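Based on the provided sequences and hints, a complete structural model is requested.
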Amino acid sequence: DAGVIQSPRHEVTEMGQEVTLRCKPISGHDYLFWYRQTMMRGLELLIYFNNNVPIDDSGMPEDRFSAKMPNASFSTLKIQPSEPRDSAVYFCASSGLDRGGYGYTFGSGTRLTVV
Amino acid sequence: SQQGEEDPQALSIQEGENATMNCSYKTSINNLQWYRQNSGRGLVHLILIRSNEREKHSGRLRVTLDTSKKSSSLLITASRAADTASYFCATALMDSSYKLIFGSGTRLLVRP
Chain A
1 DAGVIQSPRH EVTEMGQEVT LRCKPISGHD YLFWYRQTMM RGLELLIYFN
51 NNVPIDDSGM PEDRFSAKMP NASFSTLKIQ PSEPRDSAVY FCASSGLDRG
101 GYGYTFGSGT RLTVV
Chain B
116 SQQGEEDPQA LSIQEGENAT MNCSYKTSIN NLQWYRQNSG RGLVHLILIR
166 SNEREKHSGR LRVTLDTSKK SSSLLITASR AADTASYFCA TALMDSSYKL
216 IFGSGTRLLV RP
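Protein sequence lines, in the order shown, are assigned to chains A and B.
Going by the working numbering, 4 is the number at position 4 of the first sequence; the sequence numbering is gapless.
Each number in the working numbering comes from the position in the second sequence (counting from 1) with 115 added on.
The set of hints was computed from the structure by calculation and includes no laboratory data.
Some clues are possibly wrong.
[To be verified] Over the 12 angstroms line for every Cβ pair with chain A, so calculated as not near, a few chain B residues:
#1 Leu126
#2 Glu130
#3 His172
#4 Ser219
[To be verified] In silico DMTMM-like pairs for lysine to aspartate or glutamate, Cα to Cα no more than 25 angstroms straight-line:
#5 Lys141/B <-> Asp181/B
#6 Lys185/B <-> Glu44/A
#7 Lys141/B <-> Glu83/A
#8 Lys68/A <-> Glu83/A
#9 Lys214/B <-> Asp30/A
#10 Lys68/A <-> Asp210/B
#11 Lys214/B <-> Glu62/A
#12 Lys141/B <-> Asp56/A
#13 Lys141/B <-> Asp63/A
Quick caveat, the model's predicted, so the values are computed rather than measured.
Even for Gly, the Cβ is constructed at its ideal location relative to N, Cα and C.
What follows is the structure, given as structure tokens:
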């Protein structure tokens with residue numbers, strides 16, 4: 001298995017532009033998570049999906065952020081319009097079932113810089 | 116708000132020594148997990164301990180959990196330079212065992 005695949009690895013964009021981050025979870029995993037990591041705030045959970053359905057989006061900072069999961073093998077996180085304070089590393093992670101809890105498998109992240 | 120807080124924030128040891136990192140959390144949990152993050156990379160799952168477990172081992176890793184004190188510790192024995200990384204604890208809350216809340220992390224430096 002290739003693991004969780006995120007693209008692009010790096011993104012530099014100008015303030016006000018739309019940014020779309022992409023994620024392909026591990027096949028068979030039915031949970032998908034989007035996290036943001038910054039020095040100031042650490043790792044923050046933005047939103048997570050179960051079986052392609054958004055379950056908790058309470059971590060999404062504002063209406064400029066939106067996430068979709070049109071099918072079990074693809075998710076996007078969109079920021080429109082982007083602002084310099086959105087600069088961070090965005091991680092996607094997936095996990096399998098079993099209430100006992102399995103660890104997450106993280107992607108390599110997308111480093112977003114908004115100038 | 117962060118559920119877990121790690122201590123110390125940074126730790127520097129000599130290769131071969133043991134490294135101990137602590138994590139405290141605030142609310143009841145379903146399980147607690149430890150992750151490693153190398154610089155510029157994603158997080159890697161190390162070990163999971165359930166709320167009804169007290170100790171767990173995996174290779175050179177030993178994790179303990181004290182639910183009465185709401186704390187956990189990660190011990191890395193016989194450390195190697197390759198163990199240099201940031202280590203995070205993450206808690207799965209009782210109300211939603213799939214939602215992990217990460218702590219602030221401990222930066223470990225193992226000197227050759």
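Hints versus structure:
Listed as outside the interface, Leu126/B is consistent with that label: its C-beta sits roughly 17 angstroms from the nearest C-beta of chain A, beyond the 12 angstroms cut-off. For Glu130/B, the non-interface assignment is confirmed: its Cβ lies about 27 angstroms from the closest Cβ of chain A, beyond the 12 angstroms cut-off. For His172/B, the requirement that its beta carbon stay farther than 12 angstroms from each beta carbon of chain A is met, with the minimum near 16 angstroms. For Ser219/B, the shortest C-beta to C-beta distance to chain A comes to about 5 angstroms, within the 12 angstroms cut-off, and the non-interface label is violated.
A C-alpha spacing of about 12 angstroms is found between Lys141/B and Asp181/B, which places the hinted pair at or below 25 angstroms, so the restraint holds. Distance restraint check for Lys185/B and Glu44/A: the Cα-Cα separation of roughly 21 angstroms lies within the 25 angstroms cut-off, and the hinted pair is therefore satisfied. A C-alpha spacing of about 33 angstroms is found between Lys141/B and Glu83/A, which places the hinted pair above 25 angstroms, so the restraint is violated. Between the alpha carbons of Lys68/A and Glu83/A the distance comes to roughly 20 angstroms, so the proposed pair stays at or under 25 angstroms and holds.
For the hint linking Lys214/B to Asp30/A, the alpha-carbon distance of about 13 angstroms falls within 25 angstroms, and the restraint holds. A distance of roughly 24 angstroms separates the Cα atoms of Lys68/A and Asp210/B; the hinted pair therefore holds under the 25 angstroms criterion. The suggested pairing of Lys214/B with Glu62/A holds, with an alpha-carbon distance near 20 angstroms, which does not exceed 25 angstroms. For the given pair, Lys141/B sits about 21 angstroms from Asp56/A by alpha-carbon distance, which is consistent with the 25 angstroms threshold.
The hinted pair formed by Lys141/B and Asp63/A fails the criterion: a straight-line CA distance of about 29 angstroms is larger than 25 angstroms.
Violated hints for the displayed structure, listed by number in ascending order: 4, 7, 13.
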